[in-house]
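Got chain Z sorted already, so can you dock chain E onto it with the hints?
Number of protein chains: 2
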Amino acid sequence: MPIDIPEVVIDRLPVYARALKLLERDSREVVSSYELGEQLGVTPAQIRKDLSYFGRFGKQGRGYNVHRLLSELRQILGLEQQWTLALVGVGNLGRAILTYGGFAPEGFSIVEAFDANPEIVGQCVGELVVRDVKELPDILHRSPVDIGIVAVPAAAAQGVIDTLVSCGTKAILNYAPIAARVHRDIRMRYIDPVLALQSMTFYLKSAKVSAR
Amino acid sequence: MPIDIPEVVIDRLPVYARALKLLERDSREVVSSYELGEQLGVTPAQIRKDLSYFGRFGKQGRGYNVHRLLSELRQILGLEQQWTLALVGVGNLGRAILTYGGFAPEGFSIVEAFDANPEIVGQCVGELVVRDVKELPDILHRSPVDIGIVAVPAAAAQGVIDTLVSCGTKAILNYAPIAARVHRDIRMRYIDPVLALQSMTFYLKSAKVSAR
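Chains Z and E, in that order, are what the protein sequence lines are. Residues in the first sequence are numbered from 23 upward in steps of one, following the numbering used here. Residues in the second sequence are numbered from 23 upward in steps of one, following the numbering used here.
The shape of chain Z in the complex, shown without the other chains (with noise of 0.2 angstroms):
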């Protein structure tokens, strides 16, 4: 079932739950398609749209259960669970992931890091002692990690994807700036600051000629 759900839908459910959990947090009880689209810049139908791929989660005319919504994404999406993360690539980025407090209250633990600089292995960074990515394969093969995140220089981001591949990690987040091969059964999602500006100068642009 869960196949057939546009990727793009997907996508935006952790949206939806991270707004449901500060209503929540705020003691709100119910909340409409309406008030929600307006905080998150979509459109209500959109929301009711996605939703009715897991079901039907509101009634006509009430809005949503804020509590009872927001555990039935919460269960949809797996955030229930626990999963663990390989960090690859210490410099300045992958020191910011490692010390960034987001990641553990969500149920995200890095549990290993690694960096190819002499310099850089053995340094101890957040709660890590960071390790040789020459010991990656021994160390994923003993014990898998759920998740890769990928923080390494351009060049060097294919290679250290397909030995996280190849040591059975199933998704990988990549912060390296390439068009990286998967097999299909891998999810990749990327961070990338530069295509994100480059979807909003898009709009500047528009601003610009229009405001001539």
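Incorrect hints may appear among the rest.
Identical chains share a label here; the pair holds if one copy fits it or two copies do between them.
SDA-like cross-link-like pairs, simulated, lysine to any residue; straight-line CA separation at most 25 angstroms [said to hold, decoys possible]:
#1 43 <-> 125
#2 71 <-> 32
#3 43 <-> 227
#4 43 <-> 188
#5 192 <-> 217
#6 227 <-> 106
Quick caveat, the hints were computed from the structure, so don't treat them as lab data.
Same frame as chain Z, now just chain E:
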């Protein structure tokens, strides 16, 4: 006209442009929507539909002219222009952003960096001297930037975003994990690794279930 194009379509165009750029670098002259789709994990039909918003680019059965499609996309997205950016927040993440080599070659130039921490203010990071965030309004009123990058802790983010917007910034790249509120004329993109992870666990979870 551009107003009617769905935002998800605009979001995909930079991805197409990047793939085309790589093909051009490899001296490829023509590419089919099928091949492009294979590379990007998008259906050929999706690519054809997305591009159809902007006119007719390919000939039936002949594929797209790589160079022509790339330059059209760059025009549409405003990628030929130079854009100025101001960064707020120079922690580990801000440092990674300032020293990241991927912005300038794409026309994105970070011209100011601000922080609230007196120990960081005055430091030289990358090619910039970090300024006190208190000076931000003065500096940006005098020399406005196109885009603000927010890399401050969650608690400080909404305030920073409001200040940037009040200084005329029309687009925000937001690394802080908050559902920020901005006027709908302001473009905002989130860089949020947790949301990306959460959109993958849906599939990992499904795989676990079906593997039982």
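Okay, which hints does this one fail, numbers in order?
-> 4
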